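Model the full structure from these sequences, guided by the hints.
Protein chains in written order, with our numbering: chain A, 1 to 114; chain B, 1 to 118.
Among the hints, erroneous ones may be present.
Some chain A residues judged to face chain B by a derived CB distance under 8 Å, without partners named [to be verified]: (1) S31; (2) G42; (3) G58; (4) F90; (5) G98; (6) Q103; (7) G106.
Restraint ranges, calculated between C-beta atoms of paired labels, are given here [to be verified]: (8) Q110/B <-> K9/A: 20 to 26 Å; (9) Q110/B <-> R63/A: 23 to 29 Å; (10) P30/B <-> R22/A: 31 to 37 Å; (11) S80/A <-> Y39/B: 29 to 35 Å; (12) T77/B <-> D40/A: 26 to 32 Å; (13) T13/A <-> E66/B: 43 to 49 Å; (14) L39/A <-> A1/B: 19 to 25 Å; (15) G42/A <-> G16/B: 29 to 35 Å; (16) P118/B <-> E62/A: 46 to 52 Å; (17) H10/B <-> T112/A: 24 to 30 Å; (18) E75/A <-> T77/B: 35 to 41 Å.
One side of the interface only, derived from the structure: several residues of chain A facing chain B at Cβ under 8 Å [claimed, not checked]: (19) S2; (20) Y33; (21) L43; (22) Q48; (23) A56; (24) A97; (25) A100; (26) E102; (27) P107; (28) G108.
The hints are simulated quantities; they were obtained by calculation from the structure and are not laboratory data.
Please read these numbers as outputs of a predicted model, since none were measured by experiment.
Ideal Cβ positions, reconstructed from N, Cα and C, are used throughout, including at glycine.
Listed below, chain by chain, are the residues.
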Amino acid sequence: DSGVTQTPKHLITATGQRVTLRCSPRSGDLSVYWYQQSLDQGLQFLIQYYNGEERAKGNILERFSAQQFPDLHSELNLSSLELGDSALYFCASSVQAGGAYEQYFGPGTRLTVT
Amino acid sequence: AQSVTQLGSHVSVSEGALVLLRCNYSSSVPPYLFWYVQYPNQGLQLLLKYTTGATLVKGINGFEAEFKKSETSFHLTKPSAHMSDAAEYFCAVRTSRAGGTSYGKLTFGQGTILTVHP
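As C-alpha cells, this is what we get:
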C-alpha cells in the first residue's frame, strides 16, 4: 500500500459525459501528479500540482482539467468524453515538486467510455 | 526533451535464470532514473532509483540496475528469477535541472512484460 488513495476504482460512462476522479496523496506529500495509461499511448504525464498550484502540464487535453485543494487532495475532471479517453488514470504524490524524490502511485481509476 | 526506450516489449525467462531488462534514455542534462514494477490490476511500485553517486543501485526484491552514462543505459537485472517476478516493468527518466515546466514529471518507457516459466 503506497498510501495514495484514488476513487472510484472503476468508472463506466457514456460518450459526451463528464466525470471526476479523486486522489488523496500520502500524508505529508505536497505534490500530486496525474498520469494516463492506455494501450496505444502507454504511460503519459498529464499534469502536476504542488501545494495547490499548477506546476507542470503534459499532454493534457483541453477537455480535461484538474485542481488541488487546500487539504492537498486533487481532482481530475474529464468532460465531453470520447471512446479514446478509456484508460487507467493514476495519481502519484511526492514530498517535493521534483528532483530525486520518488513518486508514490495510487491503485488507479479504470475509466471505460461506451 | 527526455525519452526512454525499453528494448523488448516481452521477455521470457525460466525460474532461476538471469533477468535482464534493457533501458536506454535520452536527456540533455544529468538524469534521475527509476524502475517501477506493475502487477496486474495494481498501481506502480518503485523498484529502485539512481540520482547521484554510486552507479550500481540496489533495489527491492533482489533487483539492481547500473547507470552507464557513456551508453546512456540503465538496465535492470536480477540474478535468479522467481515466479513472483512476473509483471510489467517500466523505466522512467526525470530531469535533475530544477525549475522549468518539466521538473517533476516522469517520462516512461513503453514497458516490458516479464514472464517467468517454471
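query: Any hints this thing doesn't respect? Which numbers, in order?
result: Violated hints: none at all, because every hint is consistent with the structure.
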